[in-house]
Amino acid sequence: MADDRDVCEEVRIPLNEDQIVLTQHVTPMRIASSPGFHGLPSAALIKYPDGYLSVPKPAWELSLQRSQVNSIVTSIREGILVSGDKDDDFGPCHWLLIVFSWFILALTLPFSLFFCLTVVKEYERAVIFRLGRLLPGGARGPGIFFINPCTDTYRKVDLRVVSFDVPPQEILSKDSVTVAVDAVVYSRISNATISVINVEDAMLSTKLLAQTTLRNILGTKTLTEILCDREVISQTMQTSLDEATDPWGVKVERVEVKDVRLPVQLQRAMAAEAEATREARAKAIAADGEQQASKALKEAADIISQSPAALQLRYLQTLTTISAERNSTVIFPFPVDILSYLSRAHRNCSTTTESTKTAQSSAVAVVPTSIAGCSASTSLSPSTSFFSAGINFMKMENKLNVNDLRRPWENDRMWNLRKQFIMRNRRKMMKSRLICLSNVLVNIVVLGAGYDSKLTEKVMKMAGNLVDQYRKPIQQEAEEILKPKKNEDDSSPPTKRSRTDYDEYKQGPPGYSKWQEPAICAKQSMLYSLRAQLSILTSDGNPMQKFNRVCNIVKCVWRVHLTGTMCTLMVDDVVVVTQLYWADELQAKMDACSTAADILSREVLEVRRIGGGYELYTARGPNQLLESPQVWRLMSLSKALLRLKDHFLHHCSSKWRDEPLRSMHAACKQYKLCYREHRVKDVGMAERWIATISDVFIHEVKMRIGRNRHEDVNTSNRLCTKSIECLMQMPRQNPLIEHKNGELRIRYE
Numbered sequence: 001m002a003d004d005r006d007v008c009e010e011v012r013i014p015l016n017e018d019q020i021v022l023t024q025h026v027t028p029m030r031i032a033s034s035p036g037f038h039g040l041p042s043a044a045l046i047k048y049p050d051g052y053l054s055v056p057k058p059a060w061e062l063s064l065q066r067s068q069v070n071s072i073v074t075s076i077r078e079g080i081l082v083s084g085d086k087d088d089d090f091g092p093c094h095w096l097l098i099v100f101s102w103f104i105l106a107l108t109l110p111f112s113l114f115f116c117l118t119v120v121k122e123y124e125r126a127v128i129f130r131l132g133r134l135l136p137g138g139a140r141g142p143g144i145f146f147i148n149p150c151t152d153t154y155r156k157v158d159l160r161v162v163s164f165d166v167p168p169q170e171i172l173s174k175d176s177v178t179v180a181v182d183a184v185v186y187s188r189i190s191n192a193t194i195s196v197i198n199v200e201d202a203m204l205s206t207k208l209l210a211q212t213t214l215r216n217i218l219g220t221k222t223l224t225e226i227l228c229d230r231e232v233i234s235q236t237m238q239t240s241l242d243e244a245t246d247p248w249g250v251k252v253e254r255v256e257v258k259d260v261r262l263p264v265q266l267q268r269a270m271a272a273e274a275e276a277t278r279e280a281r282a283k284a285i286a287a288d289g290e291q292q293a294s295k296a297l298k299e300a301a302d303i304i305s306q307s308p309a310a311l312q313l314r315y316l317q318t319l320t321t322i323s324a325e326r327n328s329t330v331i332f333p334f335p336v337d338i339l340s341y342l343s344r345a346h347r348n349c350s351t352t353t354e355s356t357k358t359a360q361s362s363a364v365a366v367v368p369t370s371i372a373g374c375s376a377s378t379s380l381s382p383s384t385s386f387f388s389a390g391i392n393f394m395k396m397e398n399k400l401n402v403n404d405l406r407r408p409w410e411n412d413r414m415w416n417l418r419k420q421f422i423m424r425n426r427r428k429m430m431k432s433r434l435i436c437l438s439n440v441l442v443n444i445v446v447l448g449a450g451y452d453s454k455l456t457e458k459v460m461k462m463a464g465n466l467v468d469q470y471r472k473p474i475q476q477e478a479e480e481i482l483k484p485k486k487n488e489d490d491s492s493p494p495t496k497r498s499r500t501d502y503d504e505y506k507q508g509p510p511g512y513s514k515w516q517e518p519a520i521c522a523k524q525s526m527l528y529s530l531r532a533q534l535s536i537l538t539s540d541g542n543p544m545q546k547f548n549r550v551c552n553i554v555k556c557v558w559r560v561h562l563t564g565t566m567c568t569l570m571v572d573d574v575v576v577v578t579q580l581y582w583a584d585e586l587q588a589k590m591d592a593c594s595t596a597a598d599i600l601s602r603e604v605l606e607v608r609r610i611g612g613g614y615e616l617y618t619a620r621g622p623n624q625l626l627e628s629p630q631v632w633r634l635m636s637l638s639k640a641l642l643r644l645k646d647h648f649l650h651h652c653s654s655k656w657r658d659e660p661l662r663s664m665h666a667a668c669k670q671y672k673l674c675y676r677e678h679r680v681k682d683v684g685m686a687e688r689w690i691a692t693i694s695d696v697f698i699h700e701v702k703m704r705i706g707r708n709r710h711e712d713v714n715t716s717n718r719l720c721t722k723s724i725e726c727l728m729q730m731p732r733q734n735p736l737i738e739h740k741n742g743e744l745r746i747r748y749e
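Read in order, the letters of the sequence shown are residues 1 to 749 in our numbering.
Hint data in this document are derived by calculation from the structure and do not stem from the laboratory. Idealized CB from N, CA, C, for every residue including glycine. Certain hints may be false.
Stated by the list, open to error - Heads up, simulated EDC-like pairs for lysine to aspartate or glutamate below, C-alpha to C-alpha not over 20 Å straight-line:
no. : residue 1 : residue 2
1   : Lys207    : Asp242
2   : Lys221    : Glu275
3   : Lys258    : Glu170
4   : Lys458    : Asp468
5   : Lys722    : Asp695
6   : Lys472    : Asp404
7   : Lys251    : Glu124
8   : Lys639    : Asp584
9   : Lys207    : Asp182
10  : Lys221    : Asp158
11  : Lys221    : Asp246
12  : Lys207    : Asp259
13  : Lys669    : Asp572
14  : Lys207    : Asp158
15  : Lys258    : Asp302
16  : Lys681    : Asp658
17  : Lys458    : Glu480
18  : Lys589    : Glu603
19  : Lys546    : Asp452
20  : Lys156    : Glu124
21  : Lys207    : Glu256
22  : Lys207    : Glu170
23  : Lys156    : Glu122
24  : Lys639    : Asp695
25  : Lys681    : Asp584
As the list claims (entries may be wrong) - What follows is a list of derived Cβ distance ranges for each label pair:
no. : residue 1 : residue 2 : range
26  : Asn741    : Asn416    : 49 to 57 Å
27  : Arg314    : Gln475    : 42 to 50 Å
28  : Asn416    : Asp598    : 22 to 30 Å
29  : Glu290    : Ser601    : 52 to 60 Å
30  : Met728    : Asp573    : 16 to 24 Å
31  : Thr715    : Leu625    : 44 to 52 Å
32  : Arg471    : Ala519    : 22 to 30 Å
33  : Ala519    : Asp598    : 19 to 27 Å
34  : Ser294    : Asp452    : 34 to 42 Å
35  : Arg471    : Asp573    : 24 to 32 Å
Modelling step: build the complete structure from the supplied sequences, incorporating the hints.
Here it is in C-alpha cells:
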C-alpha cells in the first residue's frame with residue numbers, strides 16, 4: 001500500500017505563485033517563474049480553473065521531467081495554453097510539411113547545415129515559430145541551436161539595458177507655470193517571448209508611454225515640487241512605467257529627470273528675488289560689522305588718549321606705510337600737540353609789561369627760543385623726533401642721479417645747461433615734469449625751437465641766468481675769432497689761404513664742403529629743430545598729424561611726391577626719404593612720415609647738395625658711415641611684411657590652415673598689402689604658379705596644364721599655405737633682397 005500511495009501522489013504546481021504545493025507529506029519546492037508576472041491569462045484559467053498543474057511525483061523527481069514541467073509552466077504564464085488535446089496539436093498537413101522539409105534538408109546536406117545552425121549570444125534570446133506557432137519552452141539561448149529554415153522562423157531579442165531620451169515636454173504645472181522638462185529612461189527586455197508576441201515594437205511603445213507618463217505625473221506637481229523633489233518624481237515615474245510595460249515584457253530599471261527649463265521672465269523674477277534676499281543679508285552683515293568696528297575703534301581711541309606718545313607712534317607707522325608705496329606725492333603728517341606747546345610758550349612770553357609793538361616783536365623773537373626749549377623737554381621729544389624723521393624722508397625722496405639723464409647725442413655744453421637747470425629746480429616739481437622742461441629749454445636756447453609763449457616764459461624764468469652763462473662762452477669765442485691780430489703787418493701784401501687748410505673742408509667727399517653755402521647751414525638747423533620737436537612727442541598716434549604739428553612750429557613745409565612706384569618725402573626742398581610705393585596715396589604718405597620720423601631721430605644729420613637739390617644724409621653715431629635717403633627705400637615695405645608675419649604668428653595655425661586664401665586676403669587688406677597669384681607657362685606641358693605680396697616674390701609651385709577647376713582650387717590653397725610658411729621664416733633684420741633686375745624676394749632665416 002505504501003508503494004501504491006507513493007505512486008498515486010501528485011505534485012500540484014501553482015500557475016500564479018512561486019510556491020509548489022504537494023498533495024501529501026512532501027516538502028514544498030520552488031520553481032523559477034517569469035519575472036514581472038502578476039496573474040494568469042484568461043485562457044489559462046479556463047483550462048486550469050483551480051490554478052494548479054498536477055504532475056505525478058515520480059515524474060517530478062526526475063530532473064529531465066522537472067525541466068519539461070518548468071518550460072510548460074513558463075509557457076502557460078506567458079499566455080500560451082498547453083494541452084494534450086488533439087485539436088491543439090499539429091494537423092496532418094502540418095506534419096506532412098515538416099517531414100517534407102526534413103527530407104529536403106537531408107538531401108541538401110552538408111550545404112543546408114550552414115542555414116540550420118544559429119548562434120545566440122549571452123545577452124540575446126531567440127523566439128522560434130514553427131509554421132507560425134510558438135514552440136514550447138519559450139525563448140532559446142544563449143548558445144547554438146538547430147532550426148529548420150523551411151518551417152521555422154525566429155526573432156532575436158536583446159536583453160541588455162537600453163537608454164533613451166524623452167524629448168522636452170511643455171508641461172503646465174499644478175500652480176499654472178509652463179515649464180519644459182526632459183528625462184532619460186533606462187529599460188530592458190525582461191521576457192523575450194511576451195515582448196515579441198504581445199507588442200509589435202516594445203521599445204518604441206515604451207518611449208511613447210514615457211512621454212505621456214512624464215506629462216501626467218508632472219501635471220500634478222507644483223513648480224517647487226518639480227525643482228526640489230526630483231528623486232520622488234523619478235521613483236513615481238519608474239513605478240508607473242514598470243506596471244504599464246510589464247505585459248509587454250519590458251522592465252524599467254531607472255528614470256531620471258534631466259533638465260527643468262523655466263521661462264525667461266520667471267527666471268528674471270526668481271533672480272531678482274534671490275538678489276534682494278542676498279542684498280538684505282549683506283546689509284545686515286555689513287551693519288553688524290560696522291557696529292563691531294565702531295566698538296573696536298572706540299576702545300583703541302580710549303587707549304591712545306591715555307598715552308600721548310602712542311599717537312605719535314601711530315603717525316610714524318602711517319608714514320612708514322606711505323613710504324613703502326611708489327607715490328610721487330609725499331604726505332607729511334604734522335604733529336597735533338606741537339600747537340599746544342607753541343600757544344603755551346606764547347602765553348608765557350606775552351605776560352611782559354612792554355608796549356604793543358615791543359610785545360609783538362618780542363613774541364616773534366621768543367617763539368624760536370620756546371620751540372628750542374620745548375624740544376629739550378621730555379614731553380615733546382616724540383614730536384621733535386617725528387619732525388626730523390619727516391625732513392630726512394623728504395631729502396631721501398628728492399635724491400636724483402642726474403648723470404643717468406644724459407642723452408647719447410648731447411654735447412658737453414648742452415648737457416651742462418640741462419644739468420644745471422635740473423639741479424636748480426629739482427625740489428620744485430616732479431622728476432618727469434622737470435626732465436621734460438629741461439628738454440624744452442635746450443630746444444629753445446640751442447636749437448631755436450618755438451613753443452607757446454606761456455611755456456617759454458615759465459621755462460626762462462626757471463632757468464634764470466643759466467641762458468646767459470651758456471651764451472657767454474660762445475660770444476667770447478666769436479669775439480676771439482673776429483678780433484684782428486695785433487702783430488699783423490698791414491704793409492705786407494695779403495696772402496690767399498688755401499681752402500684745404502681748414503679741417504672742416506677735409507671731411508666729406510672730394511671737392512665738397514658743408515660750409516660752402518649758407519643755405520645748407522639754415523636747412524641743417526631747421527632739421528635739428530624738427531628732431532628736437534619730435535623728441536618730446538609720443539610715438540603713438542597718426543604720423544601725418546605729428547609731422548604737420550612739428551612743421552608748423554618750426555615754420556617749414558613738407559610734401560610727398562609719388563612717381564610710378566617711388567614715394568619721396570621732402571621738407572622744404574631737402575629730400576629726407578625715398579621708398580617704394582605700393583598701396584593707396586594716404587597709406588604711402590603715412591608710411592613716409594613714419595620713416596622720416598625714424599630718420600630724423602638719428603644722432604648725425606647732414607644736408608648735402610646733390611645735383612640741383614638737397615638730400616639728407618644720416619648716421620647713428622659720429623664714427624659711422626653716412627647713409628643716403630635711398631637706403632630707406634625698402635623700409636616701409638619691410639615693416640608691413642613683418643607686421644603680416646606677426647599676424648600669422650599670433651594666430652592659431654589651425655585657423656589659417658583650414659582657409660588659407662581667405663585668411664591671407666583678410667590679413668593683407670588689414671595691412672594695406674596686395675596678394676596675387678601669377679601663372680607663367682614653363683617648358684613643355686607645365687606652368688608655374690607664383691605668389692607675390694605687393695610685387696615681392698614669396699613662393700612658386702609647378703603644375704601641369706589641363707587640370708580641372710577643383711585641382712586649381714587645391715593648388716591655390718597649397719600655394720597660399722606655402723607662402724604663409726615662408727613669411728613666418730622671414731628674418732626681422734633686412735627681410736628683403738633686391739636683385740639686379742629689380743626683383744624683390746624675401747630672405748629666409
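Going through the hints against the structure:
| no. | hint | result |
| --- | --- | --- |
| 1 | Lys207 - Asp242 | 12 Å, holds |
| 2 | Lys221 - Glu275 | 26 Å, violated |
| 3 | Lys258 - Glu170 | 14 Å, holds |
| 4 | Lys458 - Asp468 | 16 Å, holds |
| 5 | Lys722 - Asp695 | 17 Å, holds |
| 6 | Lys472 - Asp404 | 27 Å, violated |
| 7 | Lys251 - Glu124 | 15 Å, holds |
| 8 | Lys639 - Asp584 | 16 Å, holds |
| 9 | Lys207 - Asp182 | 12 Å, holds |
| 10 | Lys221 - Asp158 | 36 Å, violated |
| 11 | Lys221 - Asp246 | 26 Å, violated |
| 12 | Lys207 - Asp259 | 18 Å, holds |
| 13 | Lys669 - Asp572 | 33 Å, violated |
| 14 | Lys207 - Asp158 | 17 Å, holds |
| 15 | Lys258 - Asp302 | 62 Å, violated |
| 16 | Lys681 - Asp658 | 29 Å, violated |
| 17 | Lys458 - Glu480 | 34 Å, violated |
| 18 | Lys589 - Glu603 | 24 Å, violated |
| 19 | Lys546 - Asp452 | 17 Å, holds |
| 20 | Lys156 - Glu124 | 6 Å, holds |
| 21 | Lys207 - Glu256 | 14 Å, holds |
| 22 | Lys207 - Glu170 | 17 Å, holds |
| 23 | Lys156 - Glu122 | 12 Å, holds |
| 24 | Lys639 - Asp695 | 15 Å, holds |
| 25 | Lys681 - Asp584 | 31 Å, violated |
| 26 | Asn741 - Asn416: 49 to 57 Å | 55 Å, holds |
| 27 | Arg314 - Gln475: 42 to 50 Å | 60 Å, violated |
| 28 | Asn416 - Asp598: 22 to 30 Å | 29 Å, holds |
| 29 | Glu290 - Ser601: 52 to 60 Å | 58 Å, holds |
| 30 | Met728 - Asp573: 16 to 24 Å | 43 Å, violated |
| 31 | Thr715 - Leu625: 44 to 52 Å | 46 Å, holds |
| 32 | Arg471 - Ala519: 22 to 30 Å | 25 Å, holds |
| 33 | Ala519 - Asp598: 19 to 27 Å | 26 Å, holds |
| 34 | Ser294 - Asp452: 34 to 42 Å | 54 Å, violated |
| 35 | Arg471 - Asp573: 24 to 32 Å | 31 Å, holds |
In this structure, the earlier hints numbered 2, 6, 10, 11, 13, 15, 16, 17, 18, 25, 27, 30 and 34 are contradicted, and the remaining ones agree with it.
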